[in-house]
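> Let the hints inform the model, and build the full structure from the sequences given.
Sequences listed follow chains H and V, in order. Be aware that the first sequence starts at 1, since it is given in the numbering used here, and climbs by one per residue. Be aware that the second sequence starts at 1, since it is given in the numbering used here, and climbs by one per residue.
One or more hints might be untrue.
Said to hold, decoys possible - Simulated DEER-style distance windows between Cβ atoms: (1) H:61 - V:31: 22 to 32 Å; (2) V:22 - H:67: 53 to 63 Å; (3) V:61 - H:171: 47 to 57 Å; (4) V:14 - H:137: 28 to 38 Å; (5) H:18 - V:14: 42 to 52 Å.
What the hints assert, rightly or not - Beyond 12 Å from chain V on every Cβ pair, some chain H residues (computed): (6) 6; (7) 7; (8) 9; (9) 17; (10) 21; (11) 74; (12) 78; (13) 85; (14) 157; (15) 178.
Simulated from the structure, these hints should not be mistaken for laboratory data. Predicted model, so just to flag it, every value in this text is computed and none were measured. Glycine included, C-beta positions come from ideal geometry on N, C-alpha and C.
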Amino acid sequence: VSTVCVSDADLVALARRGDPAAFGELVDRHRAAVYRAALAALGSHADAEDAAQEAFLSAYQRLAGFRGDASFKTWLLTITWHHAINRRRSMTRWWRRVVALPADAEREWDPASAADSPEQAIANDELRRSIEREMRRLTPKLRDALLLAQSGEYSYEEIGAMVKAPVGTIKWRVSEARKRIKLGLREHGYVDVA
Amino acid sequence: MDTSMSPEQDTRIDDAIDEVARQLTAGSPGRHFRARVLARIDEPGRTRSGWRTAWMWSRAVVAAMILVAVIRGEWQAHRVIAPTQARQAAVAASPLRSVPVTTQGDAHASSHAIHETAPVAPQTALAVPQTTRAARRAPSRTAPVIDEWPEESPIAALAPDRIDVPRMRIVALAPAESIQLSEMSILPIDVAPLDRDGHPQD
Chain H
1 VSTVCVSDAD LVALARRGDP AAFGELVDRH RAAVYRAALA ALGSHADAED AAQEAFLSAY
61 QRLAGFRGDA SFKTWLLTIT WHHAINRRRS MTRWWRRVVA LPADAEREWD PASAADSPEQ
121 AIANDELRRS IEREMRRLTP KLRDALLLAQ SGEYSYEEIG AMVKAPVGTI KWRVSEARKR
181 IKLGLREHGY VDVA
Chain V
1 MDTSMSPEQD TRIDDAIDEV ARQLTAGSPG RHFRARVLAR IDEPGRTRSG WRTAWMWSRA
61 VVAAMILVAV IRGEWQAHRV IAPTQARQAA VAASPLRSVP VTTQGDAHAS SHAIHETAPV
121 APQTALAVPQ TTRAARRAPS RTAPVIDEWP EESPIAALAP DRIDVPRMRI VALAPAESIQ
181 LSEMSILPID VAPLDRDGHP QD
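Written as structure tokens, this is what we have:
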């Protein structure tokens, strides 16, 4: 039976009555959004997968408390962010991220456009690495807002619900993050890149 | 620092920032993510609620242990303190307690008259009723707490009988000669070896 036309609210109602397939459908619908939120907070795919599973598990256990004031997705993302931030605050995870920084620096970027000259491709690659380095220097709040906003997965309202901040604050953080990245790039002379 | 850029440069940097942010959050969970989540739901032993239940029970056990320890401590305090309290009560009832004794004598002596309070009990602090933890932590040395003992402990019956002591009065010493020692003077001492008869040799 196709569940495409079934709303989240209906699936939640079915899951509350003990229908595991209904909750499985909710998992399928929102797993990407949940996973990317966790990835934005944790920066590690393994940690993001664990946090996403915990978030769904926690959501299932609290399903009876879902009142429907917000959408199921927003409610789920709030739980996800809570789990992810708790995990990030753990000193062990923090240390793992610090140790993993050199590996992140070796990230493989998407191949440059065929229209780019070899010199342009090298310059673009260097620019991306510098931007990533500047992102890492941002405060967690600014970095979280920028990554969540630019992931293309969430609205500002959803981000605000996740991090418990007004939409205006989220927009300011995104703008401030961009400004600081550009300032860092300029300090490294990237403004003059052709 | 001037952060102004040309519009082309600004757009290019913004695009690069967007691309980096997208790539940092790109990805999806594994193929069997849904199965793993449902499996965790079906295994209550691995769920957080199981741990939460265990955690709550452990806290309850710890609370119970602390309660038992406190109750036992109170009982021990009563058992140890009660005889002392009984003795203190007996001492407190005796005329020796807090009788102001004024030295009597001539004017010189009276000028040094000392209002003394008979030492009621050196262990006054120990006589503080140990009915509360606060009282045990900070026993008062001045509070007349002996009369405040709330109830008679059955163990108090084991305490010795009350001792009646007649009223005592300490009379001031009459002025007397000074007992200060006069300055000592040591004369020179000659030391000489002894002869066979034990006399000093010249």
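> Please go over all the hints and tell whether each is borne out by the structure.
Hint check:
1. For the pair residue 61 (chain H) and residue 31 (chain V), the supplied restraint of 22 to 32 Å holds, since their beta-carbon distance comes to about 25 Å.
2. Against the hinted window of 53 to 63 Å, the Cβ-Cβ separation of residue 22 (chain V) and residue 67 (chain H) comes to about 33 Å, which falls outside the hint.
3. At roughly 50 Å, the beta carbons of residue 61 (chain V) and residue 171 (chain H) sit within the given window of 47 to 57 Å.
4. Range check, residue 14 (chain V) to residue 137 (chain H): about 18 Å between beta-carbon atoms, so the 28 to 38 Å window is missed.
5. A beta carbon spacing of about 49 Å between residue 18 (chain H) and residue 14 (chain V) agrees with the range 42 to 52 Å that was offered as a hint.
6. Once the 12 Å rule is applied to beta carbons, residue 6 (chain H) is consistent with being away from chain V; the minimum gap is 16 Å.
7. The Cβ of residue 7 (chain H) lies farther than 12 Å from every Cβ of chain V, with a closest approach of about 19 Å, so its non-interface assignment holds.
8. With a cut of 12 Å on Cβ distances, residue 9 (chain H) stays outside the contact zone with chain V, its closest approach being about 20 Å.
9. Non-interface status of residue 17 (chain H) relative to chain V is upheld: no Cβ of that chain comes within 12 Å, the nearest being about 15 Å off.
10. Residue-level check failed: residue 21 (chain H) sits 9 Å from the nearest beta carbon of chain V, not beyond 12 Å.
11. Every Cβ of chain V is farther than 12 Å from the Cβ of residue 74 (chain H); the closest lies at roughly 18 Å, confirming the non-interface assignment.
12. At the 12 Å boundary, the C-beta of residue 78 (chain H) stays outside the reach of chain V, the nearest C-beta of that chain being 17 Å off.
13. Interface exclusion of residue 85 (chain H) from chain V stands, the closest Cβ pair being 16 Å apart, more than 12 Å.
14. Distance check on residue 157 (chain H): its Cβ is at least 18 Å (rounded) from any Cβ of chain V, clearing the 12 Å threshold; non-interface status holds.
15. The beta carbon of residue 178 (chain H) is not kept farther than 12 Å from every beta carbon of chain V, the shortest such distance being approximately 6 Å.
In summary, the structure is inconsistent with hints 2, 4, 10 and 15 from the numbered list given earlier, while agreeing with the others.
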